[in-house]
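These protein sequence lines map, in sequence, to chains G and V. Residues 1 to 480 in our numbering are what the first sequence spells out, letter by letter. Residues 1001 to 1480 in our numbering are what the second sequence spells out, letter by letter.
A couple of the hints might just be wrong.
Example chain V residues on the side facing chain G (calculated, C-beta under 8 Å, incomplete) [claimed, not checked]:
#1 1066
#2 1070
#3 1262
#4 1266
#5 1270
#6 1331
Covered by chain G, according to a simulated footprint, are these stretches of chain V (three or more residues, beta-carbon under 8 Å) [what the hints assert, rightly or not]:
#7 1107 to 1120
#8 1212 to 1218
#9 1342 to 1348
Just so you know, the hints here were simulated from the structure itself, not pulled from any lab data. All of these numbers come straight from a predicted model, not from anything done at the bench. Note that the Cβ used here is the ideal one computed from N, Cα and C, for glycine as well.
2 protein chains.
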Amino acid sequence: MAALVAQAQALGPVAQSSAFAPRRGARAARSAVRVQAAVKLEAPNYVGKEEVPESLLRPGIDDPNSMRGRFERMIRGIQDQVCAAIEEVDGCNFRQDAWTRPSGGGGITRVLQEGNVWEKAGVAVSVVYGSMPAESYRVAVGRDIPFEQDDRVPFFAAGISSVMHPWNPHCPTMHFNYRYFETEDWKGIPGQWWFGGGTDITPCYVNEEDMKHFHGTYKAVCDRHDPAWYDKMKTACDDYFLIPHRGETRGMGGIFFDDLNDRDKDKIFAFSTDCAQNIVESYVPIVKKHKTDPYSERQKQWQQVRRGRYVEFNLVYDRGTIFGLKTGGRIESILMSLPLTASWRYDHQVDPQGPEQKFLNCVRNARAHRPAQGRRTLVVTAAKKAPQSGKRRLDATGYIVDNSERGNIFAVEPKQLYTSSPTSDRAARQGLGGIQGLAVLAAAGAIVAAVTLGIAKNPADTLQVCVGWHLGIASVQFDS
Amino acid sequence: MAALVAQAQALGPVAQSSAFAPRRGARAARSAVRVQAAVKLEAPNYVGKEEVPESLLRPGIDDPNSMRGRFERMIRGIQDQVCAAIEEVDGCNFRQDAWTRPSGGGGITRVLQEGNVWEKAGVAVSVVYGSMPAESYRVAVGRDIPFEQDDRVPFFAAGISSVMHPWNPHCPTMHFNYRYFETEDWKGIPGQWWFGGGTDITPCYVNEEDMKHFHGTYKAVCDRHDPAWYDKMKTACDDYFLIPHRGETRGMGGIFFDDLNDRDKDKIFAFSTDCAQNIVESYVPIVKKHKTDPYSERQKQWQQVRRGRYVEFNLVYDRGTIFGLKTGGRIESILMSLPLTASWRYDHQVDPQGPEQKFLNCVRNARAHRPAQGRRTLVVTAAKKAPQSGKRRLDATGYIVDNSERGNIFAVEPKQLYTSSPTSDRAARQGLGGIQGLAVLAAAGAIVAAVTLGIAKNPADTLQVCVGWHLGIASVQFDS
């Protein structure tokens, strides 16, 4: 049984979307392992630059004009476009590692290391044919489908992922990821599909003009497709890229979306394409502008400290990275995102009047624009609508962000429901039946925490609850 | 309710030992949060160097001649001894941050940064008074004690923790941690107690003489107390400091023990003290010997890459670090262990004939001495005896180590049963009743995985199973 799964980094949270909830018991052991086996990749066949197939789809099986084919062409075109733009500015070339897998799919990782402008820049494309346990599928689609223990649902995933770290502390790091996920028709249920992605920027200093350019580019992109999207997706980005133990976002945001399937597939594809086609425009002019800016030793040191934070986010919180590390994806592609150099200085302090402090104020108040913000904000991240069912599910961390500058961030529930662990199986199944209840439970818990910690003064205070990027307001009473 | 918990880094896995398994349901929300609140520290009162109290115990409540008092004096003496030895070699001084907490306990963190010999060296002591949910206590002691939902069991913990990163790639990094944990008498059950700790070394190159000195020092220490300990504790160290996604141990081992309470308390205290008193002797002569060794750019780069691996282990796998990050300990003390500088080079390759490859061979075969080793070894880490009950529990990651040089490492069950998540509560409770079953389940699962991956050729093959450092051999049939 050589089922495949996402090369996790390139696919990012998609991989998570297809995560698993095996059963307990004697049979469950097999199931649990099968699940894990499902995410173990077949050994790749590395291919030379000239031998990379025009398409990584299964020849003669997948229609090149299907969304699979169209999405693959789009991301491969974007890989070429982005790499060309970077090479032009940098003057050095990307190296390429490409592979195919016997049962279909493959990957193309391109990395430019120790260039003139970038210390490390990577752009990876990956196409995966895999199968997920029926249980996970059932959870994902939010329907009570009868199935046999060993049933598996085939899926397809394709994604592009990139991180670029420049040398100059005045040039920001940039990350993007665009992905498409599809399941086959199964037990009379039509195939499910969704899109995910985003582009975000991580400077070391606040340059308002640069930020206006970057965010403005994506606002314009979003507005061309749905005027409500930019605000939602910017908020989702701040939510996702939070480093709770630092009380900071990783960087200065951008846009982030996941499980997007609420309208015509072509429309979301057009949006994803538009986002991807604006990566270069949103980012490269900023680097061009600053690549020769002079900088001091202090500024370089500050950049290295911020690089350390980047590593903290990616290794401790990033779903794609953690999933990849724990399931045996290609390590070099997964960790391509880490900077060439990083630093951890004990109790690093900055001049309270200096530009480093200005930056910190910014990443510590990234949610200032939030509708549910304030010093008593509860955020339950990633409570998402299941594709095409409308049910919500809760699959990530919840925390209270206390914006009172006490830096109080409080983990309510550092767990993911949809994991490959038998231990979370029951909860996942219960979640199916009553995930709203779980969300409310977490919310109630957070309120108790807020009261306990003195963030909220009164147990009967109500907190605004922001559930994933599907913003919602919940008001929960605490009976002490 | 201002209950306290371990400043996680100094206490290391102790903190984990007191981790939690709240209930589901409406009441569970409160419970879950209370649990988390329990691990939120009271705001510390920072105190100047001259004001650090002679004891961090509660004056007038704790007997200075109790094990609490003796252990605190021991670790504070060790902190002085180690810091003095490091300062003597380095020529620079440690800075100190110390604090007390209103309800008792406190911490003393000392860091020497950018010295002459060490880029970063930290030694932290911490004393904590806290309380754990009765549910967690019940799990920890392995008895079916009736309790009320809101019951909490008071505990005391004290620990010392340290990491030292030298500049010179020929000088190894060293880490140690010694800790003592105690619960109060509760519901007629006498207070529980246990010791944990270890010292381990992480060079960048294999120097057999140095390793003989380091490991020999600890073998002699162990042998003075129990001739069976050294092998067990060295194996436990290799198990604990594994980086599964790299197929490497973090370094070259040492000793590691946890939940140690199988004999007279004074005897284990004497052993812990002996271990701690040999830190300087095991390590400092190695640094003295190599601190002025010349090194090349390539060697420095290799050190930086190994530092990256150190960060990967600490942020992705180290129980103390993760626990600390997610529960709001003092971040600067928790992450004191991270190196001043680290590097991630894409697809870093070494000369197959060079000393870097020799090092890799070593960390990729750290278990060569293992009784249950071989190319089809299954390791379920950290299945420990619950203190004073003899029941085993499974609380960490299981994986297959394939020593066939294919570098195949396979996550069976990347979960911790004893977490603060409601989702793992049921499993934790089931675990109480039948943890052996769960271990067998994981073993069976791993075998299926092994077969699936072609590591084992025949489904009916039996694998040797090593459960934590309580070595055991399990033979499990797979009925396909």
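Evaluated hints:
1. 1066: Nearest chain G Cβ about 30 Å off; hint violated.
2. 1070: violated, 30 Å
3. 1262: violated, 28 Å
4. 1266: violated, 36 Å
5. 1270: It is violated, given that the least Cβ distance between residue 1270 of chain V and chain G is near 33 Å, above 8 Å.
6. 1331: Holds, because the Cβ-Cβ distance from residue 1331 of chain V to chain G comes to roughly 6 Å (cut-off 8 Å).
7. 1107 to 1120: With 3 residues in contact (Cβ-Cβ under 8 Å with chain G), the coverage given for the stretch 1107 to 1120 of chain V holds.
8. 1212 to 1218: That given contact is violated, which follows from only 0 residues of the stretch 1212 to 1218 of chain V lying within Cβ reach (below 8 Å) of chain G.
9. 1342 to 1348: Check passed, 6 qualifying residues.
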